[in-house]
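Peer 1: The chain contents come next:
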Amino acid sequence: NAGVTQTPKFQVLKTGQSMTLQCAQDMNHNSMYWYRQDPGMGLRLIYYSASEGTTDKGEVPNGYNVSRLNKREFSLRLESAAPSQTSVYFCASKQTESYEQYFGPGTRLTVT
Amino acid sequence: GEDVEQSLFLSVREGDSSVINCTYTDSSSTYLYWYKQEPGAGLQLLTYIFSNMDMKQDQRLTVLLNKKDKHLSLRIADTQTGDSAIYFCAERGYGGSQGNLIFGKGTKLSVKP
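Sequence lines, in order, name chains L and X. So for the first sequence, this note's numbering puts the first residue at 1; every next one is plus one. So for the second sequence, this note's numbering puts the first residue at 1; every next one is plus one.
Just so you know, not all the hints are guaranteed correct.
[Stated by the list, open to error] List time: in silico SDA-like cross-link candidates among lysine to any residue, alpha-carbon distance up to 25 Å:
no.	chain 1	residue 1	chain 2	residue 2
1	X	K36	L	Y102
2	L	K57	X	T25
3	L	K9	X	G82
4	X	K108	L	P39
5	X	K56	L	K57
6	X	K105	L	P105
Think of the hints as simulated: they come from the structure by calculation, not from any bench. Predicted, not measured: the structure shown is a model, and the values here were computed from it.
Using the sequences and the hints, build the whole thing.
Peer 2: Right under this line is the structure:
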């Protein structure tokens with residue numbers, strides 16, 4: 001049982017490049033989330049998906065797009081990366097009525 | 001708006017008790033959580049407390065909730081070096097969509113042998 005998996009683990013981009021961060025969960029969870037973690041800032045919600053086919057903005061959505069491809073997969077896209085997007089990105093999932101979010105191991109992204 | 005505040009650092013000696021404090025602003029929060037993040041890893045749920053409880057104990061962990069002061073604390077008894085991690089307090093607002101969590105900035109606990 002893999003839980004929540006994220007790819008890649010590390011990525012370096014140049015300013016203006018694009019990339020997609022992948023997230024998949026095998027727990028049949030309805031809700032999925034993308035967070036970014038910056039030093040001294042805690043976790044901030046970028047986008048979430050309450051169920052397959054729906055996505056909503058979180059606290060810091062600018063510069064990002066998401067796709068809930070199916071119930072298992074939720075991807076995060078940076079169309080034109082900026083140095084301010086250097087961060088560690090976490091995907092999480094949970095069942096709708098549960099209180100516990102399960103987190104992936106994170107993707108460490110550096111934009112130069 | 002919802003906000004969760006924590007001190008950023010705590011250092012203790014092995015065997016001592018650690019107390020990590022948190023304040024929150026949303027008085028309608030129904031659940032409050034403590035997550036643990038070990039170096040290079042994602043977050044894991046450590047424990048949680050419902051807002052109708054004052055205290056919850058789970059082995060070495062004790063969670064205290066003071067709703068009047070909107071204060072939450074996590075006490076770790078007999079702290080071990082393996083407890084070194086970042087601890088995040090989080091609240092789930094009553095109006096939050098689908099269980100969205102508001103996290104504090106995290107308290108980095110350092111345990112010295």
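Peer 1: Hints first: check each against the structure and report whether it holds.
Peer 2: Tested hints:
1. K36(X) - Y102(L): Answer holds: K36(X) to Y102(L) is near 12 Å, not above 25 Å.
2. K57(L) - T25(X): 22 Å, holds
3. K9(L) - G82(X): 24 Å, holds
4. K108(X) - P39(L): 11 Å, holds
5. K56(X) - K57(L): 34 Å, violated
6. K105(X) - P105(L): Judged against 25 Å, a Cα distance of about 18 Å means the pair holds.
Consistency note: the structure conflicts with earlier hint 5 alone.
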